[in-house]
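Q: Using the sequences and the hints, build the whole thing.
Protein chains in written order, with my numbering: chain A, 33 to 769; chain B, 33 to 769.
It cannot be assumed that every hint is accurate.
Stated by the list, open to error - Some but not every residue of chain A turned toward chain B, in silico, with C-beta under 8 Å: (1) ASP344; (2) VAL472; (3) VAL474; (4) GLU475; (5) HIS589; (6) TYR596; (7) THR600; (8) MET601; (9) PRO603; (10) ARG653.
Claimed, not checked - Straight-line C-alpha distance at most 20 Å; calculated EDC-like pairs for lysine to aspartate or glutamate: (11) A/LYS689 / B/GLU91; (12) B/LYS89 / B/GLU99; (13) A/LYS543 / A/GLU503; (14) A/LYS343 / B/ASP635; (15) B/LYS689 / A/GLU91; (16) B/LYS343 / A/GLU695; (17) A/LYS116 / B/ASP691; (18) A/LYS755 / A/GLU529; (19) A/LYS398 / A/ASP332; (20) B/LYS116 / A/ASP691; (21) B/LYS106 / A/GLU695; (22) B/LYS765 / B/GLU727; (23) A/LYS615 / B/ASP666; (24) B/LYS689 / A/GLU115; (25) B/LYS615 / A/ASP666; (26) A/LYS598 / B/ASP666; (27) A/LYS343 / B/GLU633; (28) A/LYS116 / B/GLU695; (29) A/LYS375 / B/ASP691; (30) B/LYS375 / A/ASP691; (31) B/LYS116 / A/GLU695; (32) A/LYS458 / B/ASP344; (33) A/LYS106 / B/GLU695; (34) B/LYS689 / A/ASP344.
To be verified - Per the computed footprint, the stretches of chain B lying under chain A, defined by three or more beta-carbons under 8 Å from a beta-carbon of chain A, are: (35) 332-345; (36) 575-589; (37) 652-659.
Since the hints were derived computationally from the structure, they do not count as laboratory data. Keep in mind it's a predicted model, so treat the numbers as computed, not measured. Quick reminder that beta carbons are idealized off the backbone N, C-alpha and C, glycines included.
Protein chains: 2
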Amino acid sequence: MLNVLKKISLLFFLFFAFSHQSRSQHPVSFFTKEESLLVRSNLNTQPLLNESFQALKKETDFWLNKEVDVPLPKDPAGGYTHEKHKANYLLMFNSGVLYNITGEQKYADLVRNILLKYATLNPTLKNHPQATSTSPGRIFWQALNDANWMVYSGMAFDLVYNGLNEADRKIIEEGAFKPEVDFVTKDLSPWFNLIHNHAVWATAGVGMIGIATNNQTYIDLALEGTQHNGSSGFYALLDHLFSPDGYYTEGPYYTRYALLPFIIFSNALNNKYPSKNIFTYRNSILKKAINTAIQYSNTDGKFFAFNDAMKDKDYTTGEMVMALDIYTKAYGLDTTFLPIAKKQHNLLLTKSGIQLAEALNNPKNKSVVFPYKTIENTDGAKGNKGGVSILRSGEGKELTSLIYKYTSHGLSHGHYDKLNINLFDKGNEILQDYGAARFVGVEQKYGGRYLPENTGFATQTIAHNTMVVDETSHFNGNEKIAEQFWPVKNYSNFKNEKVLAISVSDSNAYKNVILKRSLFMLTLPDQPKLIIDIFHTQSSKTHQYDLPFYYLGQFIHSSVEYTYAKNTMYPLGQKNGYQYLWKEGEAKVIDATVQMTFLNERDFYTISTLVTDTASILFARIGANDQNFNLRRDPAFIIRKNSTSPSFISVIEVHGKYDPVNEVTSNANSIVQKIQELENSSLFSVVKITLKTGELIVVECKNDNSTTSNHQYRYNNTDLIWKGPYLILLNGKNINY
Amino acid sequence: MLNVLKKISLLFFLFFAFSHQSRSQHPVSFFTKEESLLVRSNLNTQPLLNESFQALKKETDFWLNKEVDVPLPKDPAGGYTHEKHKANYLLMFNSGVLYNITGEQKYADLVRNILLKYATLNPTLKNHPQATSTSPGRIFWQALNDANWMVYSGMAFDLVYNGLNEADRKIIEEGAFKPEVDFVTKDLSPWFNLIHNHAVWATAGVGMIGIATNNQTYIDLALEGTQHNGSSGFYALLDHLFSPDGYYTEGPYYTRYALLPFIIFSNALNNKYPSKNIFTYRNSILKKAINTAIQYSNTDGKFFAFNDAMKDKDYTTGEMVMALDIYTKAYGLDTTFLPIAKKQHNLLLTKSGIQLAEALNNPKNKSVVFPYKTIENTDGAKGNKGGVSILRSGEGKELTSLIYKYTSHGLSHGHYDKLNINLFDKGNEILQDYGAARFVGVEQKYGGRYLPENTGFATQTIAHNTMVVDETSHFNGNEKIAEQFWPVKNYSNFKNEKVLAISVSDSNAYKNVILKRSLFMLTLPDQPKLIIDIFHTQSSKTHQYDLPFYYLGQFIHSSVEYTYAKNTMYPLGQKNGYQYLWKEGEAKVIDATVQMTFLNERDFYTISTLVTDTASILFARIGANDQNFNLRRDPAFIIRKNSTSPSFISVIEVHGKYDPVNEVTSNANSIVQKIQELENSSLFSVVKITLKTGELIVVECKNDNSTTSNHQYRYNNTDLIWKGPYLILLNGKNINY
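A: Shown next, in the form of structure tokens:
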């Protein structure tokens, strides 16, 4: 009997314990009560933590005892109602955090009052009057922003759960949240089930509201999608949006954006269900994703702007502050991130925020430079859809980064830019990717949306530093087709950091044309850094091949005699982005090593390129037909060849110094004297580059990428013998090994 | 007898003492032996001083025991021989400084070896093969650089004087120095006697060699010119190149350059002849000049780039390091300069260098911002040739500076830009002066010389933010005529820093056209900063009036419907700089308040301008006919009116915030709703500006600039009564007093 009673009481205990945990433990979405108390007790000893707390408090206190407007949705991004609703969800979240740290009811009341207004507003909403996309929003012009609202409002509700009475909770759950959840999971279910960054936000939003309101149905919808068959939902998104090594398929700009709902919801999920081990899911895919995201930034913190991307976005954004915090919580402190945390100068008010604050105070951690390194990522959920390589040389301010992109299309934000390269040096963008044509949040610019020039120009192949055949974009600019193909890497070798090598081919961007681009980044002693760019084409018919270099900086000199657009200027073409380029100058060249030198800040850069037979050199500038001045007036240097299978062999050189303050210039001239193509057969490609300081020979095997095959080539009455797909000789000496 | 002996011995003593001082006291040009020993003893206690010492030592030690090349002059600026000779004189100077501080003979030997090579080279030289100017050089392409060489080599000789034997001294004096002195004082005597920055260098060079070699003839030549009649030479240059309040007539860029020989030679002269009191000469004109120079810089340290000027020149240049050091020596420590010394992070190895180092270490001197203020300078030796006013509002990063230029022409480096304005805000240039078209020291760009586009475009009126009548430049672009005239200030009033006012008229830039521009810079509570720009014209004939605004930033929006250059683009005109502008767009406007908003970094700026009757709005871009890509592709917004005496009434507004990192935009729209000209009679000009937040009325008296006259104007059935040349009402309230 005693035993039975014991059992029963144990069952009761378990029942209550479990029900308490699953039904009532709040907060749990952002942090737990214990964590919030730990933060409170550390405020006085951690100055940076306190600074972040005071900033949050100042912002939030401004609204205490004020009517917060919850306006009828009307304006596009940048407009009043858009910005207000955005400010509201952030305010609610912040106030919720403060409620737990300070224990003061007024912060809960602030959230309550706003959420009650949404509970009145939301049930009345139809599609937003400014909705233009296929996924219209209700509170905002697009559903994506509604999903943002759900994530933060959900967290806010959870954070002040214990400060609300049952009746208010019910009103808010039914009025503020249910219409939004129903809208995205029912009206917009195809969108909700997408494999796309929007869906990450949408599932995280629904899941967060589920956790906040103890609604298991919502949580399941979030994790599994509406079809519950593994094809959609949060897990499916973790499975499909990242490659196995953590590359996010839409590119670095959207990584940052998509990471936030991934980690913020994973954090909530982990707090509620630690046993789900979400942070180790798929071999700790989120750990890899965060590491990768940061490697895809310039030394100034800005994310590399390929695909649709705003160039001024850097790792000090709220998303990345959140990422570093939750990374620390999930995977432990990684001191290599401290230089980034230092630049962010903003900590979350969490346990890991305290950890970061302590680490930043520790004099041992004074290293001020994040260890950028040469890395290579695959693309695609299985890692079999091409990839990206970032070749790096130098350290700190002297870092040079060459980005070579041979990914899959990158969903709806992809550009038609197979085999594109971008160059960063000394913190500056040197050969640019245009990024996106958009002014996020600037109402006067098309409501802050993507501008027509984005598809018209920025996504087109001619807007990139890669080959355009016959003035048409890759895959004819058709996204559906582009999604099905990706380039194939022939080889890459980064063992010798002074001689980085990679080669990739593409045979799908154009029908019946094979493109192959091999890049060698050489850091030779006492020499300018050299990037050898061997771009082969192969076709059976004559085509017009255009290879642009979008250089940033002041044109200094070109070796060619060109005709400048004197009293009239015309666009370079009529379609596929060409209509947006003015033709400023043109040169006809026969058999020559053409050079063009430009100055970016205090460094000179020269592109030397071989012309065999004839070519045109075009000096173009963005801006033609740009009725609304939406595009930057940046220049391009374009090499045009009309032939069946021309080679484009170029050397990109980082040289010299211009010191305008002290008026001293050094090494303003290129060391490249001549480029020759000695052979381009089915077996070998052989290039000779004559420098002022010596001679470089690059031999590539055309049909054997094995790293173990032995090869032999006769040059200058000597038999060159080597192993692997390529050989680089400097003054007769193999410098690869 | 005893007395006689005493007298004789006294005479002997005096003779030796005097001869010792006048003939043999070395060093004296840069510092004295005592000073150098003081530096030595402070190296261990002053880290920044030691850092500067180590940097100097490292640079110099590299050349010890090496053959230093003294090549036959051949190349233009930026080329090898040019850069080498420049490096040589700096090396000799540095080595001379080190010789005294360390006492090590090797540094004297280094100077000796190089100077002996010059002693062989210089007597053989004819005019430089690249000489193109009317003042050809011998070691360099222009005599100016030879003068630089004389200043530094002279100092170097003096610094190692005691480490040379008599024979070497003689060889150097005769071989290295005499040919150069003879060349500039005899062959180039008209140039040597000019009132111009070149002559400052030339006189300082000859004088420095005089001091170094104890040659009184040279010193006299330097001080008095070759005619010895007060019309030329160093004193005459001090008299004529600065206004009484210290404005240097060529503008800030050349101030910095001309200041160096002024202060460096004054320092030497003062060391040798303290009784000449050169530093208090002309009411301490050099003190005023240095103070003024620094006020003419942006918060990032760059000098305002009006007249011929390179934009990247800032106050961290060697010249300004020297200026601050010698200022401190001559006038005592001024702690307001410490933020500048801190940014320079480079101290001279002198007694005042030690003083600055100590002051920088003192925690009391932690202020990090130089106190920029609203200032006004006259131009001309007597202060009667116009002037410049810099209207400032805000502090630190929020500083706004409006530069209003109404100087005389500014000698050969002047631009045709009467009544020009430039705007800086938050550290950025907002309404730009193009500066000079030149790449100093870049050989590929026309040998580093002024480019043809400098006279073709940069100096022309249309390259500035001021009025162009009938597509011709002021004074028809004739320097000789331009030199004879300057605008006349009507009034200015900076007593109320929230309402800064200035008005200037010009009746000479164009025959039979009077130009009058009044500017009011308003810093109203909780409002965007507003600059009211009332530009009146007066003529009896119809003219074409163009008022450009060279805005820097991204065009955001314009209220006008314009036609964009679609498939062809043409230059804006054929001559006087117009041929370098592309016409990107044009609008015909009737009776409207036209607005154009642009974004610079994170701030919005709007120009609102009144069109009464008709006007054209032109969207232009620099770059037409720019065969060698020498010009920046910057935009301009031009208001064109064809009429007899049109008014151009504009409001320039600093508003809003764009935060691309957090994607938040605020106040992106102008608060100006309407501009009206209520009256423009012979008595009054009355302008009404309707803001979202109220109404501004600006009444100006047309013919009475007295600050004491009483005026009355009937507006809105009320009699406005005020004293002085203008009245500004905000919502009916006089805000000026």
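Q: Now, for every hint given, state plainly whether the structure supports it.
A: Cross-check of the supplied hints:
no.	hint	result
1	ASP344	4 Å, holds
2	VAL472	5 Å, holds
3	VAL474	6 Å, holds
4	GLU475	6 Å, holds
5	HIS589	4 Å, holds
6	TYR596	4 Å, holds
7	THR600	5 Å, holds
8	MET601	4 Å, holds
9	PRO603	6 Å, holds
10	ARG653	7 Å, holds
11	A/LYS689 / B/GLU91	17 Å, holds
12	B/LYS89 / B/GLU99	18 Å, holds
13	A/LYS543 / A/GLU503	14 Å, holds
14	A/LYS343 / B/ASP635	17 Å, holds
15	B/LYS689 / A/GLU91	17 Å, holds
16	B/LYS343 / A/GLU695	12 Å, holds
17	A/LYS116 / B/ASP691	15 Å, holds
18	A/LYS755 / A/GLU529	18 Å, holds
19	A/LYS398 / A/ASP332	18 Å, holds
20	B/LYS116 / A/ASP691	15 Å, holds
21	B/LYS106 / A/GLU695	19 Å, holds
22	B/LYS765 / B/GLU727	10 Å, holds
23	A/LYS615 / B/ASP666	17 Å, holds
24	B/LYS689 / A/GLU115	13 Å, holds
25	B/LYS615 / A/ASP666	17 Å, holds
26	A/LYS598 / B/ASP666	18 Å, holds
27	A/LYS343 / B/GLU633	12 Å, holds
28	A/LYS116 / B/GLU695	13 Å, holds
29	A/LYS375 / B/ASP691	17 Å, holds
30	B/LYS375 / A/ASP691	17 Å, holds
31	B/LYS116 / A/GLU695	13 Å, holds
32	A/LYS458 / B/ASP344	18 Å, holds
33	A/LYS106 / B/GLU695	19 Å, holds
34	B/LYS689 / A/ASP344	14 Å, holds
35	332-345	holds (count 3)
36	575-589	holds (count 4)
37	652-659	holds (count 6)
Going through the hint list in order, the structure satisfies each hint without exception.
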